[in-house]
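Protein chains in written order, with the UniProt record's numbering: chain A, 1 to 364; chain B, 1 to 364.
Keep in mind that the hints are not guaranteed to be accurate.
[Said to hold, decoys possible] Restricting the straight-line Cα-Cα distance to at most 20 Å, the calculated cross-link-like pairs of lysine-lysine (PhoX-like) are:
(1) 2(B) with 2(A)
(2) 333(A) with 147(A)
(3) 2(B) with 326(A)
Worth flagging that the hints you see were computed from the coordinates, not collected in a lab.
2 protein chains.
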Amino acid sequence: MKLGVVGGGQLGRMLAQAALPLGIETKFLDPSAQSCAAAAGQLICAAYDDAEGIQQLSEGVSAVTFEFENVPPLTVEKLSQSLPAYPPANALATARDRWVEKSMFRDLGIDTPAFEKIDDQETLDAAVERLGCPAVLKTRTLGYDGKGQKVLRSTQDAAGAFAFLGSVPLIMESFVEFEYEVSCIGVRSASGDCVFYPLIHNEHRQGILYRSQPILNSSLQSQAESVVKKVMDSLNYVGTLAFEFFVKDDQLIANEIAPRVHNSGHWTIEGSATSQFENHVRAVAGLPLGSTETRGDVAMYNIIGKLPVIEKILAIPGVHLHNYGKSERAGRKIAHLTVTSESAEQLNSRCSQVEALLVNDLGV
Amino acid sequence: MKLGVVGGGQLGRMLAQAALPLGIETKFLDPSAQSCAAAAGQLICAAYDDAEGIQQLSEGVSAVTFEFENVPPLTVEKLSQSLPAYPPANALATARDRWVEKSMFRDLGIDTPAFEKIDDQETLDAAVERLGCPAVLKTRTLGYDGKGQKVLRSTQDAAGAFAFLGSVPLIMESFVEFEYEVSCIGVRSASGDCVFYPLIHNEHRQGILYRSQPILNSSLQSQAESVVKKVMDSLNYVGTLAFEFFVKDDQLIANEIAPRVHNSGHWTIEGSATSQFENHVRAVAGLPLGSTETRGDVAMYNIIGKLPVIEKILAIPGVHLHNYGKSERAGRKIAHLTVTSESAEQLNSRCSQVEALLVNDLGV
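One chain only, chain A, in its complex shape (with noise of 0.2 Å):
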């Protein structure tokens, strides 16, 4: 069996790594030949929205998924006329523009920031004055990473900010005095079935990821689990889906979706009995899901523009690099290592030693 993917990144390489002990061939779409991906299958270098290229892509795969949420919601359309493609693509073009997504969450009852429709400098003064601030300020399509966002700390702050975050659509969100940012992922499969793995605990450095880590939180996790349900029910989504929460008095504050396996869900590599990686490509293979219990007590960082001293690094016991094969660049992210343990102590341990080896460059 092939399954076709589009997009070449890591996310795509590590799809690629999960699907092929399941005896799946990977094939992906990328206009980059530099694509970390293309060492762990077959790739096919064009943009995601070149008719050949996605006729090539389509060729002797019996499913198709994609690996990020830029690619074109109608190249996905495309695709599943003649094949499964999952996850669908309204679900891709719904997470792909902020405002769609957050009035899904509203017309859903799920709990979000308060949040308006930005189309030039005069609803965004009109919100302002709505909403008040602080607020963030985000473009509705293409951001990621924190990159196409402004926070308006106070009312002075809107003058000017439409065409400084390039006169495209935004939305404005009140913003959230959260204790934390958690993660849940979720799974859907083609027949409704549904798991999760525990929820994720998020630390971010100027925006970017950082650190990830499954807590236990009984409460927290089945208000998660309802949610992402809900908008996975919804959508009819098949795959895996990731949803940021923020979180305010033991209640969760939907931020986003993001359609697909996600950097707060790579510890699932090691740390879960099926990472979220095999469980997307069987749940677009039509493949029973599989168990998300979780492998003792874990961890994840992200390597960010600089690798540290592998040999260091690697002297660690229960250290797993995950190293994507891209060239350092300040901000980019290049890696990422999951930290295993027997008990949390050991854990703690072993993270120390960790944080005191990466260099991460953030390059702000």
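Once you've looked at the hints, dock chain B against the given chain A.
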């Protein structure tokens, strides 16, 4: 970094899968265009002793290794003239010849069954006289999985046995009434550091490994580690080595070594902090060896000849499929399953479910 591997079977495929997260890509040399490792790296299709193929394999790689012992030692020696080539050619040459191998055991003072070198029917008859029966007659080279062997139950069985096994150099070994079989997998770095996995209990069916499970036995473990270290040091070994023993009266009797990653260690992918494959790559690439601590309770099953119903297998929690992408054929190893769990009880329950689904076709 790139690694060259002589041989492109499932061991090569799993070496490549372990190397990629370390940022190491893999290139294979194998005469078969159907090599299943090709899905995980670049394949150079040529005979193991083909000068041009060897040259192509060595281009752009930082080190080379091999994935099975039927590779000609001369190929490794040739590669070692320009590159780190591990394990060393002398280890390969020793392991390829059962008589040389057993002689090394004897020279190092390692317990082994009584054995004799057989060059013709005459030396065979004389050996039968000296050692008595039952005994096992094996080709000195190129045998595996019980192939190229003949059991001599009584002296009459010796008649014509030399011709029966192809009139090639043989070894005759006294039959050991062992209680069970274990293997010890060790890894040695170029600087002489050694790590060992826990002893593995191996169950064979018709000469082919069926089930492997790590066991705790501190007395046998220390015996085994001391023997394996002695052999690795004496061969100036670099990489993963598997040592098979018979167990009788709480003593180890050396059976044979494999100078490579080994089928009985496949459970280390999910069951150890660092797999035998990753530690082999680390050793060959000059990286520090990783922890061999075991993660939970774990067992491995070979899938031979015919795949079970994959949907049913994948529905059992904690079951990890490794489908090698090879076509089904009686007696052929085409996949393996690792079962992970949190307790011995849970492992037993999961293994029972697995065993009920296996349809191993030994074709005999």
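Hint numbers contradicted by this structure: Those not satisfied come down to hint 1.
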